[in-house]
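Enquirer: The primary structure of each chain is shown beneath.
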Amino acid sequence: MISLFKRKIPKPDAVSKGIRVKQKRYEALVYALHADLFRYAFWLCHDRQVAEDLVQETFLRAWKALDSLKDEKAAKAWLITILRRENARRFERKQFDLVDLDNQQVPDKHSPGPEQDMESELLRRHIGELAIEYREPLLLQVIGGFSGEEIADILNLNKNTVMTRLFRARNQLKEALDHDKTIRGRNNG
Amino acid sequence: MDELEFRRRVYTDPNDKHPDFLSASTDHAANRQFLNEMKDFNHKLEQAMNVPVPKGFPDTLMLRHLLGEPKYREGPGWRYLAIAASVAFVLGFATRFIHLPAEASPGLPSIAQVALQHVQTEMPFTRYVDEQVTLIAANAKLAPYGARLSDMSRVGKIYYANHCMFPGGTVAHLVIAGEYERINIFLVPMDQPLKMESQFAGQGLQGEVVPMQNYRLVIVTDMQENLKQVTDTVKTSLEHII
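Taken in sequence, the protein lines are chains C and S.
Just so we're aligned: the first sequence equals residues 1 to 189 in the numbering used here.
Just so we're aligned: the second sequence equals residues 1001 to 1242 in the numbering used here.
Don't read these hints as lab results, they were simulated from the structure.
Heads up, a few of these hints could be off.
Quick partial rundown of chain C residues pointing at chain S, CB under 7 Å, derived from the structure [stated by the list, open to error]: (1) Y31; (2) H34; (3) A35; (4) F38; (5) R39; (6) F59; (7) V142; (8) F167; (9) R170; (10) N171.
Owing to the predicted nature of the structure, the values given are computational and were not obtained by experimental measurement.
Built from N, CA and C at the ideal position, the CB exists for glycine as well.
Pulled out of the complex, with its shape left as it was, chain C reads as follows (with noise of 0.2 Å):
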């Protein structure tokens, strides 16, 4: 009964290496993904710590499946899916997460700062403000760094669809911006 026992021993050793280079991977992931990991989120959630939640929940899920993932190049995809997902059965869960954008802070748009930071400001608050199926390519393009492809392979679109959200996306963003330059403007002559 003993040797049967013994027999796997060495085993384990071999199962913590690999563990252990399942540890190194996992860590370089984390390191090189979580801030953008993190803009996605709160981009989709416009709240700090629910977003950090669910880049939390997001690696703990990534490091169970961690195997599944073959192409190290295509973890930021693969990363940004599993948050997606999250981020959706946090809607299941709860409906009262969700964040009424007319209830956040708005930037007080008469006081005087740097015009860089008040455009950054102004323009944060239109994303926002942006509907989630204009918002969400916009962001897989600019935080992501994603092509029209890629984009709609992870939002499950076709391309033709994804080309013209991004180009609405940023059509109305550039609009209400023009918009608001010309209310300040009259504004301030």
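Please build the complex by placing chain S on the supplied structure of chain C, with the hints as guidance.
Expert: Then chain S, alone, in the frame of chain C:
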């Protein structure tokens, strides 16, 4: 590529690397200017989206990961546990068969033996303990056996009142003052499978078993004690309830 199409593609992706797009962007000054404008806009967009990441976030992620990770390296610990559990199981199972015939053969244990042994074992404790048992406390212990004391005047001081374990179940155990040594009183329920004797003695102790209505009264005293008198006193002090 006409101007409208070019503008559409600029909006879609200002960093488009398609040759058609690139050549269209250099063909016309207006296109070039528009593309630069939109690249600038895209840069602003990037900056706006670049919300600050929480400080030390990757470390936090790693830490939580490591804390949440089960320890794989603990190795063969569970194996020993498994062996120990198996051995314990086999032993437990085996003793069932060893025990059964032993229990079946000699018949019921004698109440005298049980009571004497119990008194003997607890002697070091019951000889000195004084819980200053009140009538209420004593009666609370006696109640489940269908008995109560009307008053304590005849019984005298009660040092100890509790439930004790006999082979067949719980019994009430009282320790009261005696002339020479403390006196042990047991109230043994009728349904306990014990062999009855009316009188017994041994190990410097003597005892008597008196059948009552709901239980058997067992009194164990020192050899020098007047057992008859003690029994009478206790018997008359006990009332039946129910």
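Enquirer: Would the hint on F167 of chain C be counted as holding, given a Cβ-Cβ threshold of 7 Å to chain S?
Expert: Status holds, d = 4 Å.
Enquirer: For the hint on N171 of chain C, just tell me whether its beta-carbon gets within less than 7 Å of chain S.
Expert: With Cβ-Cβ at 6 Å, under 7 Å, it holds.
Enquirer: Just to be careful: measuring from the Cβ of A35 of chain C to every Cβ in chain S, is the smallest value less than 7 Å?
Expert: A35 of chain C check passes; min Cβ-Cβ to chain S is 5 Å, inside 7 Å.
Enquirer: Hint validation: R170 of chain C versus chain S, beta carbon distance must be below 7 Å. Holds or violated?
Expert: With Cβ-Cβ at 5 Å, under 7 Å, it holds.
Enquirer: Quick check on Y31 of chain C please, does its C-beta sit within 7 Å of some C-beta on chain S?
Expert: holds, 5 Å
Enquirer: When the nearest CB of chain S is found for F59 of chain C, is that gap smaller than 7 Å?
Expert: holds, 6 Å
Enquirer: Against chain S, run the beta carbon of F38 of chain C and see if the smallest gap drops under 7 Å.
Expert: holds, 5 Å
Enquirer: Next item in the hint list is R39 of chain C. Is there a CB on chain S closer than 7 Å to its CB?
Expert: holds, 6 Å
Enquirer: Checking hints one by one. Is H34 of chain C an interface residue toward chain S, by the C-beta closer than 7 Å rule?
Expert: holds, 5 Å
Enquirer: Using Cβ atoms only, decide whether V142 of chain C comes closer than 7 Å to chain S, and label the hint accordingly.
Expert: holds, 5 Å
Of the numbered hints listed earlier, not one is contradicted by the structure.
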